[in-house]
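Asks: Listed below are the residues making up each chain.
Number of protein chains: 2
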Amino acid sequence: MRESHEPEPGGPERWPVAGGPPFDPERFRCEGRVVVDWIADYWASLPTHRVLADVEPGEIAGRLPAAAPECPEPLAAVLGDLERIIVPGLTHWQHPGFFAYFPANASGPSILGELLSAGLGIQGMLWTTSPAATELEGIVVDWLRQLLGLPDRFRLGGEGGGMIQDSASSGLLCCLVAARERSAAVGPGQGVVYASADAHSSAVKGAKIAGFPAAAIRRIDTDGSGRLRPDLLEAAIRDDTAAGRVPCFVVATVGTTARGAIDPVAAIGTIARRYGAWLHVDAAWAGTAAICPEYRALVVEGAELADSWGTNPHKSMLVNFDCHCLWIASRHALGGALSTKPEYLRTAAGDSGAVVDYSDWQVSLGRRFRALKLWMVLRMIGAETLRQRVRDQVAWTAEFAALVALDPAFEILSPPSLALVTFALRAGDEATAELLTRVNRTGSVFLSHARVGGRHAIRLAVGGTLTSRADVLGAWGVIAAAAADPDPASKERGPGAGER
Amino acid sequence: MRESHEPEPGGPERWPVAGGPPFDPERFRCEGRVVVDWIADYWASLPTHRVLADVEPGEIAGRLPAAAPECPEPLAAVLGDLERIIVPGLTHWQHPGFFAYFPANASGPSILGELLSAGLGIQGMLWTTSPAATELEGIVVDWLRQLLGLPDRFRLGGEGGGMIQDSASSGLLCCLVAARERSAAVGPGQGVVYASADAHSSAVKGAKIAGFPAAAIRRIDTDGSGRLRPDLLEAAIRDDTAAGRVPCFVVATVGTTARGAIDPVAAIGTIARRYGAWLHVDAAWAGTAAICPEYRALVVEGAELADSWGTNPHKSMLVNFDCHCLWIASRHALGGALSTKPEYLRTAAGDSGAVVDYSDWQVSLGRRFRALKLWMVLRMIGAETLRQRVRDQVAWTAEFAALVALDPAFEILSPPSLALVTFALRAGDEATAELLTRVNRTGSVFLSHARVGGRHAIRLAVGGTLTSRADVLGAWGVIAAAAADPDPASKERGPGAGER
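One line per chain: the protein sequences are A and B, in this order.
1 is the number of the first residue of the first sequence in this note's numbering; add one for each residue after it.
1001 is the number of the first residue of the second sequence in this note's numbering; add one for each residue after it.
If we strip away everything but chain A, and leave its shape as in the complex, we get:
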């Protein structure tokens, strides 16, 4: 640990005063500009950073004081430590060479929306606690519903509605609880949850949290393209029904994490409806691609059978994390399961039924004003630019995949699904894993891995704010060069931040 909070050595402190009132408008103007400039400089410098942090466990903590300071320090001291200690220990998700996991891209308008939300500092837990926060959220989420071509059953003002949650995991959990309550009449502990073997881990996590025992969670096998097999789903449901269990919740995935597979939602929805189960569509990553008419049929097919449908503008749609949009067909099913209104949270408006108190639709009571950032992205970037970005990213991914396919050392494990492709070395899993480690250690790109068809796959997910065609094709250059020139010394490192 560092001994103490060291004074900032040298350099002009652009706002030298420490202490003072916790919010002073003139000081905020001054310090706010410094931080805005810092962020602008950070983004301008992003290509010069290593994408994946290269630090050992405990290395960053060891550079920080073990106890808080007693006296106030100036902003310059904090920004100095941010620059010297924190930034070198970050994995830079906004770097143009970030192709790992799924993107969590941000944008100028979105960052400003988050800033405004923090600056206003209001709570949207009840309609009354800031009516405009609830109403703007309803409106902008409905704007997105229309852009995606989602059905009227999720429309603002009808039986259903939309909202913003922090994440797809939380959204799924809330819907699962509503489904569990809807089916509860038939006896506790008998409900069953279904999701494909490739569904996101949040399905299993949500089921665990909601109290479903492991034996009540069915992972349905996928076809050769990674899509849930409806015939196996129906067989599993029949078996459960015959055994006195109750089909409760079916997750259909639109864009699996491993390979971007899109489950046959309409077929799944027909089965779910036949057996009275809740259909939840997890379109966390692929969902926003439906803003392009050419991908809409693929992405929103079957949504008219869904009880809930969610997607993440915080993945590829330039809204910074967190912004999960969730639509539900029955606000009563969700609110009925989650609402717990003690006297101190009751209001005339809430009691009247004329408004939505969004805290009744989520785990937490408190709510940030997240609608601002979605509003600002939709208005300041505009739908047409958002569409063009999807088209570009899909095209670049296809170009990348074509280059991989031409290299005899490599094979495509799953063809491009929108802006995601997976591939491997023909030499086998160990060689592929070792190659990925070396590629990520170059610091110029970061890709992650998955199991695809039983193989260790390298995933390329395109969607970064700054990522261009040249970055995507450049990533292939880095990978091909690493494959052509192995460096066995790299195998000797310990458990640092390098990907396994």
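Since the hints were derived computationally from the structure, they do not count as laboratory data.
Built from N, CA and C at the ideal position, the CB exists for glycine as well.
There may be inaccurate statements among the hints.
Covered, in the sense of this in silico footprint (three residues per stretch, anywhere, with C-beta under 8 angstroms from a C-beta of chain A), are these stretches of chain B [said to hold, decoys possible]: (1) 1025 to 1035; (2) 1088 to 1095; (3) 1131 to 1144; (4) 1172 to 1180; (5) 1445 to 1455.
Please arrange chain B on chain A, whose structure you already have, making use of the hints.
Replies: Structure of chain B alone, referenced to chain A:
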């Protein structure tokens, strides 16, 4: 609905360009300054706003376009609508006259921390996905642990540890799931949850989400001071144990919402331990007062018996929502219950056990870099200023209560607990409710209500960033004047944002 996105009438657009790349550093510098200035102006203007919004359901939505724009709009257009349409529909939580619910106060350093978090745009879901985010969080949460005087069992690097969650509700849910799993060996559906009749609604909500049937949730009666009665808790646990049920989770509240009561945590903890139940301390509001040595014994008493202990710097400690700090005694109990690591989330560092992957300790996978704002508040405001604020707020609340007690028309329903006091008109519940409605409609203050000792109580919770002694005493002036001069016309309004 407005017909379309109208152009901004008149006025110089300080950044006239619309469209362009989603992040352009030079444009961000320019637009960022405009937004920073907007926030500074907003805070400077706060006393001129009505605290509680005075709008009807649907009024704000009706002023917004029904569909998103196709083409990009300039920042000035958005800020114009924010000013004209949104701000008039907000309830201003940072207003010096906000005394409702509990405070959700913000500060310059905290807003800048949130801005930096959005600007960096990294994900702290796994240690590897940004090591410095995980390590800074561990460090600053441990700084706070030391400032509060919480025991070593929650220390960073031991068997336990600390983290930031979005809210006390989420933190409680995660601990409840861990407790449920810890006791699961004895059979599903047999676990019981205990909390006082005055515990926060999040206890019941968490239990519902985690699948506890209503019959497995015991609300234990309180004593005349609103504190959970340990004798009744033990009797309930004995009854349950005798009936073959398993005491699973006990919530002790340090600072109830209705009246700020502080449960006897040590006595409760001794009982919980005797019967093998998990003790969770919900110190969401009162917890941060322990930074003052004179309140520490009151607030952290019994913490050494707790399996989990949580408080909200986002209430009174100048960290803008969301920032719930949660400490746990056993990281294995929490991680074991919530971890669901598919192949694509496995990393060398995570597998080594040398690091914490914080997503294993929470509902969601994704994580914002919340540690920055707590770090900036602790460094730029400093512990001593934070302590002085608590002392001032407690003193002002006592002064306010003394004035209430001197007025023969009023009575104190619960004496000040830290910076919260409740009171009522002697004329009865209806008169009290009607008075509160009129007080809030003045627009100069906003107080909320609760049930205290079976009575309709007005609550005054002090803690706003800008709230001064004059504002607190001024609130009494508004209340006393309204009580002295009733205006029956105010009874005729519909279900607007006015408090019931």
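Asks: Are the hints correct? Go through all of them and say.
Replies: Now for the hints, and whether the structure bears them out:
Using a Cβ-Cβ cut-off of 8 angstroms, 9 residues of the segment 1025 to 1035 of chain B lie near chain A, which meets the minimum of three, so the contact claim holds. Chain A is given as covering the segment 1088 to 1095 of chain B, and this holds because 7 residues of the stretch bring a CB closer than 8 angstroms to a CB of that chain, at least three being needed. Check on the segment 1131 to 1144 of chain B: 11 of its residues sit with their Cβ under 8 angstroms from a Cβ of chain A, so the three-residue criterion for coverage holds. With 3 residues carrying a beta carbon less than 8 angstroms from a beta carbon of chain A, the segment 1172 to 1180 of chain B meets the three-residue requirement, and the given coverage holds.
Restraint check on the segment 1445 to 1455 of chain B versus chain A: 4 residues with Cβ-Cβ distances below 8 angstroms, three needed, restraint holds.
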